[in-house]
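Asks: What follows is the residue order along each chain.
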Amino acid sequence: MLHTDSNSAAVLIRKIDIPAISLRRRVMDRLMTGVAVVTVGIVLLPLFAIFAYLIYKGIGSINIAFLTQTPKPVGEPGGGMANAIAGSMVILAIASALGVPLGIGAGIFLSEYGRNRYGDIVRFVSDVLNGVPSIVIGIVAYGLVVMRQKHFSALAGGVALAIMMIPTIARTTEQMLLLVPQAIREAAYGLGVSRWRTTLSITLRTATSGVITGVMLAFARVAGETAPLLFTAFGNNFWNWKMDQPTAALSLQIFTYAISPFDEWHRQAWAGALVLIILIVGAVAAVRLAVKHGTLAGV
Amino acid sequence: MSNQALPRPRFNAPEPEQAPKAALKLEARMKPLLQGKVSEVPDAVFGWAMRVCGLAVVAILGLIVYQLVVGSQLSWHAFGWKFFGQSDWNPVEDQYGALPFMFGTVVSSLLSLVIAVPLSLGVAVFITEMCPIGLRGMLSFTTELLAAIPSVVYGLWAIFVLVPILREYVQPFLAKTLGWTGLFSGPPYGIGMLAAGVILAIMIIPIISSITREVLTVVPQHQREAVLALGATRWEMIRMGVLRNARAGIVGAVILGLGRALGETMAVTMVIGNRPEIAKSLFAPGYTMASVLANEFSEATGDLYLSALIEIGLALFFVTIVVNALARLMVWSVTRGQPARSVV
Chain A
764 MLHTDSNSAA VLIRKIDIPA ISLRRRVMDR LMTGVAVVTV GIVLLPLFAI
814 FAYLIYKGIG SINIAFLTQT PKPVGEPGGG MANAIAGSMV ILAIASALGV
864 PLGIGAGIFL SEYGRNRYGD IVRFVSDVLN GVPSIVIGIV AYGLVVMRQK
914 HFSALAGGVA LAIMMIPTIA RTTEQMLLLV PQAIREAAYG LGVSRWRTTL
964 SITLRTATSG VITGVMLAFA RVAGETAPLL FTAFGNNFWN WKMDQPTAAL
1014 SLQIFTYAIS PFDEWHRQAW AGALVLIILI VGAVAAVRLA VKHGTLAGV
Chain B
932 MSNQALPRPR FNAPEPEQAP KAALKLEARM KPLLQGKVSE VPDAVFGWAM
982 RVCGLAVVAI LGLIVYQLVV GSQLSWHAFG WKFFGQSDWN PVEDQYGALP
1032 FMFGTVVSSL LSLVIAVPLS LGVAVFITEM CPIGLRGMLS FTTELLAAIP
1082 SVVYGLWAIF VLVPILREYV QPFLAKTLGW TGLFSGPPYG IGMLAAGVIL
1132 AIMIIPIISS ITREVLTVVP QHQREAVLAL GATRWEMIRM GVLRNARAGI
1182 VGAVILGLGR ALGETMAVTM VIGNRPEIAK SLFAPGYTMA SVLANEFSEA
1232 TGDLYLSALI EIGLALFFVT IVVNALARLM VWSVTRGQPA RSVV
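Chains as they are written, first to last, in this note's numbering: chain A, 764 to 1062; chain B, 932 to 1275.
Incorrect hints may have been included.
Unchecked claim - Which residues of chain B face chain A? A partial, calculated answer using Cβ under 10 Å: (1) Val-1056; (2) Met-1197; (3) Asn-1255.
Don't read these hints as lab results, they were simulated from the structure. Every residue, glycine too, gets a C-beta built ideally from N, C-alpha and C.
Here chain A stands alone, though its shape is the one from the complex (with noise of 0.2 Å):
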């Protein structure tokens, strides 16, 4: 019985003529493969290189006195980073002050109260924003701050990165609190909780690791930006607090000592971005950590 099954079974498998695939399509198919594995290799090829020799060049030049002093004039060795690594401490935390409530309002705003047109104008905007040269932004925040006190500061900084993170903040809160089933939002108005203790205490709050994320993605974006600052912060050669007055910055020192002809500076400028991409780098895995077991695993 089974004998003559499969024997019948092959006799039809030979009679319908499957066409073997050409060499030349097999060929063709290999050829693409192979171009793929290639483009690979070139595009992973640079960021190996830059990791390489970030570190190489970096780890040599970082010390106590680059993490303590201040610039040194022209000729003189040593002197370090410290007040720029401060002042992008400070206008950072103006930026995230200014722009992270804004960001997330307009996300709840998005997902809670913009499913409709004026949701989408926002949401084309917010796209649209994003893709806006942040050297532009710059000339924004200098005509809005600069221009009326007469003096760069990093209150202007802060603001130029505080636009710029908006819109990746607003975007990505609105998809986080889209993900938050319905029915755990009318559960809570079934409970006679109302619209906006619903959205702050049960959507935004399950929503919280995914928004914190995404606040995470907009400061790195910005940590690192240069060329708002040029116009607006400055730069300083020397410690400053204040708010209103010319500021250091770490990507501005990094950009200054670069395209300066010195050695000693180049050497300090390899530091520098080391230790900006630390920073950056440790700023986001510290908060990631924090949201998954540490202090805020709870919120």
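Let chain A serve as the given structure and place chain B on it in line with the hints.
Replies: For chain B alone, coordinates are given in the frame of chain A:
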């Protein structure tokens, strides 16, 4: 990020209350509810506060336009359309023309696309269609890591690593093999349009490849299976079943990359040479709209000088807005309103 399990919200259940008093209390509490008299004030205030936040996003865009338009009035009245047709940039004699900067921006961006598009497509196709699952996450993470490096660090690396490589090896080779085209002639400085194009390409590859990847992932699995069932090889399946269906989205991804390249400032400023000249050779130094702003804005003396720079900013803003809006629409048409990741 999106498929991570959401924590359950915690409710603090109210303590059960004592009988008669509680019943009275509850009735008192229910009364306004039943009569529709619950205070709607906090809700309304909160709702409007959120709407204001949403409006703020639109207002920011309005503010940007206002600042740029008002700031560039002086230059606009002085030069009119001629501003974009003149190649004379002379702060000493107050003569300003934006042509060399526009040329530099367009050429460096197009050059970067020529390099970046095939590479990003290859990476996206490899990750979505060919790569073993285990490698997929790691590869996409690594390519996105490229997007996290600050522009100024790219510039630093370009000055000290990329430019010497171009000067010593790539430019002599190009001059020897393709010198007859005129595009690769002149002294190989390293610094110049070619260096700007290459560093821009490295910077926009993560954007183009990650959005292309998203577009490729939304192509329905049936399409692939149908083409395979017809006896196609894997490459034929990719070409006919995947790439063809994702065309509009891929074009959108490329245009988004273009938008980023047009506005990129620091890395380009550090390697392009910063000379406002229009040259045929890619070895020659150039200047872009973004870099002239970066270099000259804080030192601009004189109102007309500043105004001319702001007008360049306005032009740059306008071009990137158009390019980005176009790209968003094209990506949306494929992913159906699922926003392409806007964070990269």
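Asks: Now look at each hint and say whether the structure bears it out.
Replies: Hint by hint, here is what the structure shows:
1. With a least beta-carbon distance of about 5 Å to chain A, the hint placing Val-1056(B) at the interface is held under the 10 Å criterion.
2. Against a cut-off of 10 Å between C-beta atoms, the interface hint on Met-1197(B) holds, since the closest Cβ of chain A lies about 5 Å away.
3. Annotation: interface hint on Asn-1255(B) holds; nearest CB of chain A at approximately 3 Å, less than 10 Å.
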